[in-house]
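Chains as they are written, first to last, in my numbering: chain S, 1 to 299; chain P, 1 to 285; chain F, 1 to 278.
Because the hints were derived from the structure by calculation, they are not lab data.
There's no promise every hint is true.
To be verified - Result set (DSSO-like, lysine-lysine): computed pairs, CA atoms no more than 27 Å apart in a straight line:
1) 267(P) / 145(S)
2) 271(F) / 89(P)
3) 84(S) / 59(S)
Said to hold, decoys possible - Where chain P lies over chain F, by a calculated footprint (3+ residues, C-beta under 8 Å):
4) 38-44
5) 85-93
6) 120-134
7) 204-216
8) 236-248
Claimed, not checked - Chain F side only, calculated, beta carbon under 7 Å to chain P, not exhaustive:
9) 12
10) 16
11) 98
12) 102
13) 103
14) 109
15) 110
16) 232
17) 251
18) 252
19) 254
20) 255
21) 258
22) 261
23) 265
Source: prediction; values computed, not measured.
A virtual CB, placed ideally from N, CA and C, is assigned to each residue, including glycine.
Here are the chains, one letter per residue:
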Amino acid sequence: MKNRSSQGRTFSPGLVVSDLWVTYANGVTAVCGASFALRAGTITALVGVNGSGKSSLFKAIMGFLAPARGEVTLSGKPVREALKSGLVAYVPQAEEVDWTFPVLVEDVVMMGRYGRMNFMRIPRAADRAAVSAALERVGLAELRKRQIGELSGGQRKRVFLARALAQESEIILLDEPFTGVDVKTENAIIMLLRAMRDEGRLMLVSTHNLGSVPDFCDEVVLFNQTVLAQGPTATTFTEANLAEAFGGSLRHIRLGGGALHDDDDDRRVTVLTDDERPLVLYGPRDAETLVKRPPEEPR
Amino acid sequence: MDVLFEPFAYSYMARAIAISALVGALCGALSAFLVIKGWSLMGDALSHAVVPGVAIAAIAGYPFALGAFLSGLLAAGGIALLRRLTSLKEDVAIGLIFTGFFALGLLIVSLRPTSVSVQTIAFGNILAISDADILQVLVISVLALALLAMRWRDLMLAFFDEAQARISGLDPWRLRLLFFALLSAASVAAMQAVGAILVIAMVVTPGATAYLLTDRFGVMLGLASILGAVCGAVGAYASFFLDGATGGLIVLAQTGLFALAFLFAPKQGQWRAWRLRRAAKAGER
Amino acid sequence: MSLVALLIDPLAHGFMQRGLVAALLVALVCATLSCFLVLRGWSLMGDAISHAVLPGIVVAHLLALPLTLGAFAAGLFTAWLTGRMAAASRIRPDAVMAILFSGMFALGLVLFLRVETDQHLLHILFGNMLGLEWNDVTEIALIAVPTTLIVLAKRRDLLLAGFDPAHARAIGLPVGRLDSLLLILLALAIVAAMKAVGVLLVVAMLIAPGAIAGLLSQRFDRMLPIAMGAAMFSSLAGTLLSFHADAATGPAIVVFQSMLVALAIVIRRRKARSGATA
Numbered sequence: 001m002k003n004r005s006s007q008g009r010t011f012s013p014g015l016v017v018s019d020l021w022v023t024y025a026n027g028v029t030a031v032c033g034a035s036f037a038l039r040a041g042t043i044t045a046l047v048g049v050n051g052s053g054k055s056s057l058f059k060a061i062m063g064f065l066a067p068a069r070g071e072v073t074l075s076g077k078p079v080r081e082a083l084k085s086g087l088v089a090y091v092p093q094a095e096e097v098d099w100t101f102p103v104l105v106e107d108v109v110m111m112g113r114y115g116r117m118n119f120m121r122i123p124r125a126a127d128r129a130a131v132s133a134a135l136e137r138v139g140l141a142e143l144r145k146r147q148i149g150e151l152s153g154g155q156r157k158r159v160f161l162a163r164a165l166a167q168e169s170e171i172i173l174l175d176e177p178f179t180g181v182d183v184k185t186e187n188a189i190i191m192l193l194r195a196m197r198d199e200g201r202l203m204l205v206s207t208h209n210l211g212s213v214p215d216f217c218d219e220v221v222l223f224n225q226t227v228l229a230q231g232p233t234a235t236t237f238t239e240a241n242l243a244e245a246f247g248g249s250l251r252h253i254r255l256g257g258g259a260l261h262d263d264d265d266d267r268r269v270t271v272l273t274d275d276e277r278p279l280v281l282y283g284p285r286d287a288e289t290l291v292k293r294p295p296e297e298p299r
Numbered sequence: 001m002d003v004l005f006e007p008f009a010y011s012y013m014a015r016a017i018a019i020s021a022l023v024g025a026l027c028g029a030l031s032a033f034l035v036i037k038g039w040s041l042m043g044d045a046l047s048h049a050v051v052p053g054v055a056i057a058a059i060a061g062y063p064f065a066l067g068a069f070l071s072g073l074l075a076a077g078g079i080a081l082l083r084r085l086t087s088l089k090e091d092v093a094i095g096l097i098f099t100g101f102f103a104l105g106l107l108i109v110s111l112r113p114t115s116v117s118v119q120t121i122a123f124g125n126i127l128a129i130s131d132a133d134i135l136q137v138l139v140i141s142v143l144a145l146a147l148l149a150m151r152w153r154d155l156m157l158a159f160f161d162e163a164q165a166r167i168s169g170l171d172p173w174r175l176r177l178l179f180f181a182l183l184s185a186a187s188v189a190a191m192q193a194v195g196a197i198l199v200i201a202m203v204v205t206p207g208a209t210a211y212l213l214t215d216r217f218g219v220m221l222g223l224a225s226i227l228g229a230v231c232g233a234v235g236a237y238a239s240f241f242l243d244g245a246t247g248g249l250i251v252l253a254q255t256g257l258f259a260l261a262f263l264f265a266p267k268q269g270q271w272r273a274w275r276l277r278r279a280a281k282a283g284e285r
Numbered sequence: 001m002s003l004v005a006l007l008i009d010p011l012a013h014g015f016m017q018r019g020l021v022a023a024l025l026v027a028l029v030c031a032t033l034s035c036f037l038v039l040r041g042w043s044l045m046g047d048a049i050s051h052a053v054l055p056g057i058v059v060a061h062l063l064a065l066p067l068t069l070g071a072f073a074a075g076l077f078t079a080w081l082t083g084r085m086a087a088a089s090r091i092r093p094d095a096v097m098a099i100l101f102s103g104m105f106a107l108g109l110v111l112f113l114r115v116e117t118d119q120h121l122l123h124i125l126f127g128n129m130l131g132l133e134w135n136d137v138t139e140i141a142l143i144a145v146p147t148t149l150i151v152l153a154k155r156r157d158l159l160l161a162g163f164d165p166a167h168a169r170a171i172g173l174p175v176g177r178l179d180s181l182l183l184i185l186l187a188l189a190i191v192a193a194m195k196a197v198g199v200l201l202v203v204a205m206l207i208a209p210g211a212i213a214g215l216l217s218q219r220f221d222r223m224l225p226i227a228m229g230a231a232m233f234s235s236l237a238g239t240l241l242s243f244h245a246d247a248a249t250g251p252a253i254v255v256f257q258s259m260l261v262a263l264a265i266v267i268r269r270r271k272a273r274s275g276a277t278a
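For reference, chain S alone in the conformation it holds in the complex (with noise of 0.2 Å):
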């Protein structure tokens, strides 16, 4: 298992959200008093059901919603001051992107620069060689002359991590980046954002893709209006907790001892899921709850 917590958690400044009330105009409260901290050179996954929450965090992380009260600090430095100098990436849903918009694969990856560039957003030599660098990591360089449209579900979401890359940024949030990917590719993100993680880049992932995250995520922040769990993966992304993150709106299958085998052990296999890639339990026993894929096809 792939688990970084065991280093140990002296906080390089990183992310830190600190009893932070996120309000909207018409008296929805989206956030109350939701605080934590995440250190460079992680990956958490932010988990919660549809409606929890979640996007408003990233809204007021990013600085779109002033929050109500609380505060955010990137790197040790407040929202705006963090934006300006160009620390947060966000990687957008496939949803919220027009693929019919006229631009070039390079073109988008160049939208990554224009923190740093001048008035007019005139691309430099530096700018020029950050974009192609970021393409030939993420595997585009070839298709960078291509409209976004006519590109995979895959290959789309390259482009974002792309451009992200570019930006250089030490903070990037990525909003459901596995959703209508196949396997392979969710495979080939995964294993971009460990080697970016490695650069010692800060992630956070919101994502309702349950069974990828033990897959790549070393600490989970379970959400609903404000954190419920928030730790190491192998101990916070547990059953009670989930059950308690998602209450009945997943889908919960459970498989008693006497139903998969003869012997006399008396763990259960748990699949949860919304409809994507199920989260399958099996246990508890040991500290090793987790099964990594699920069972080959459920009978």
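Model the placement of chains P and F on the given structure of chain S, informed by the hints.
Here is chains P and F on its own, set in the frame of chain S:
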């Protein structure tokens, strides 16, 4: 041969051609943004909504541009307000506001006949444009084009990806306001050239033509602007031979180029699609 | 002048009688259709068709055909072409519609100035409500009354096809044909309204009554009478205002409709608020 150069011998023709080209360039550039955002109807709405402003400004003796600009912004605000207060769909809200404003403008003109006739509002009158109006149009167009030249990348980013724009330190709301201010100003200028009814073509057609010819926004913007300018000049020039219907001819030129691109664009054209379909069918057999 | 005199005096004039009858007929047919257009998301289709009729009128004149026939054919052709072109290209439907109707209008304009006609361009655009002859009024009635009756007779089918096309198809309704029917009826209504309010303002009459009704009632069966009532009141008030204040008739009617929209919003908000507190 001399006949072809005859229009340039008249200073009013030379002026009309130059102004039409300038206004065409501005509207063409803006059309690139309208087309990709699916805001064509906003262009229609603004061009109709400026009419009461023009009428009141004419009565009160203020510059048209000022009145038009204010009533354009008022209409945009009215649409936003309608959407906020009611559950009306966007197209209904736009339709209600622009027809209401247009009717109000016509009513005012019919009650207080002034220098602006219904005819001028509806069809423009570039051949008889006054020096003061020329100055207005010049100032508007040059300023707006300069602003666009400097800010188009920011506008593109804000329209394509609002979140990324904010992260890059841009303010999408201010950019959007800038855009609608430019569009209102361009509507006023275009109204003089082709009239309120045909402004919609000026701020949609060149952009759509360019969109069929390229996959790059920067190229699309330049192309739309050039198409707008060329059609403006050609239409104004041709109107010398065809008795004045300047606006109609400018728009016909634009529509004609769109039809050509629709049929024969290298990548997006129907001709290519048709050939590909035939090749696929032949391959099946 | 007493209120009654305000209402009655104008009717002593023949042109006012004819204008009023025409205005009420146009209000009736446009209001009925507007309920469906607003629900169907087609409110601007009226805008497109009404602009596109112009070249049809000129061509019909050249061929010595009835002008209404030319107008009808041109309008319908543009609507059909919009659908085809939008499906075949990556241009958004709203842009295709804008390009086609402005192109048609421009064509009409250029043709109009090249061809000698007895028609007055401004009358086509803005209507000539108070200059109508009885045979004009008869023509309007001959188009408007059957159109209204067909819409009313088919109202349940049209409603279902607009609200839930999948379900409508599932229960065997010919949705495509119903859409075509609605387009044809729309083109007819525009042609009927052309002489009275002109092609530019008929758009307003095809949106506002449906919007007013939608604001005031959630039930479709009530929307129809509300829309008709609002449209007919506006026509009456607008025509009278134009007589007394010597204002353009079409714009006056539309301005009254806009005021009713504002009133409907106020009533709706009042109701919502009292509903919330109760």
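Here is what the structure says about each hint:
Between residue 267(P) and residue 145(S) the alpha-carbon distance is near 14 Å, which keeps this suggested pair within the 27 Å criterion. As the CA atoms of residue 271(F) and residue 89(P) are separated by approximately 20 Å, the hinted pair is consistent with the 27 Å bound. At roughly 16 Å between alpha-carbon atoms, residue 84(S) and residue 59(S) fall within 27 Å of each other, so this suggested pair holds. Counting residues of the segment 38-44 of chain F whose beta carbon lies closer than 8 Å to any beta carbon of chain P gives 4, which meets the minimum of three for the stated coverage.
Residues of the segment 85-93 of chain F with a Cβ under 8 Å from some Cβ of chain P number 6, which satisfies the need for three, so the listed coverage holds. Beta-carbon proximity to chain P at under 8 Å applies to 3 residues in the segment 120-134 of chain F; the threshold of 3 is reached and the given coverage holds. Against chain P, the segment 204-216 of chain F contributes 7 residues with a C-beta closer than 8 Å to a partner C-beta. That satisfies the three-residue criterion, and the hint holds. Counting residues of the segment 236-248 of chain F whose beta carbon lies closer than 8 Å to any beta carbon of chain P gives 4, which meets the minimum of three for the stated coverage.
A distance limit of 7 Å between C-beta atoms decides the matter here; for residue 12(F) the minimum to chain P is near 23 Å, and the interface restraint is violated. The beta carbon of residue 16(F) is not positioned within 7 Å of any beta carbon in chain P (closest approach about 17 Å), and the interface hint is therefore violated. Interface restraint check for residue 98(F): the shortest CB-CB distance to chain P comes to about 4 Å, inside 7 Å, so the restraint holds. For residue 102(F), the shortest C-beta to C-beta distance to chain P is roughly 4 Å, which falls under 7 Å, so the interface hint holds.
At its closest, the beta carbon of residue 103(F) sits 3 Å from a beta carbon of chain P; the interface hint therefore holds under the 7 Å criterion. A least Cβ separation of about 4 Å between residue 109(F) and chain P falls short of the 7 Å threshold, and the interface hint therefore holds. With its C-beta approaching chain P no nearer than about 4 Å, residue 110(F) sits inside the 7 Å limit, and its interface hint holds. The criterion of a C-beta within 7 Å of any C-beta in chain P is not met by residue 232(F), whose closest approach is roughly 17 Å, and the hint is violated.
Proximity of residue 251(F) to chain P holds as hinted, the smallest CB-CB distance being about 4 Å (cut-off 7 Å). With a least beta-carbon distance of about 6 Å to chain P, the hint placing residue 252(F) at the interface is held under the 7 Å criterion. For residue 254(F), the interface hint holds, the least distance from its beta-carbon to any beta-carbon of chain P being 3 Å, beneath 7 Å. The closest approach between the C-beta of residue 255(F) and any C-beta of chain P is roughly 5 Å, which is under the 7 Å cut-off, so the hint is satisfied.
Because the beta carbon of residue 258(F) sits about 4 Å from the nearest beta carbon in chain P, less than 7 Å, this interface hint is met. Interface hint at residue 261(F): satisfied, since its Cβ lies 6 Å from the closest Cβ of chain P, which is below the 7 Å cut-off. The closest approach between the C-beta of residue 265(F) and any C-beta of chain P is roughly 6 Å, which is under the 7 Å cut-off, so the hint is satisfied.
Checked against the numbered hints above, the structure breaks hints 9, 10, 16 and satisfies the rest.
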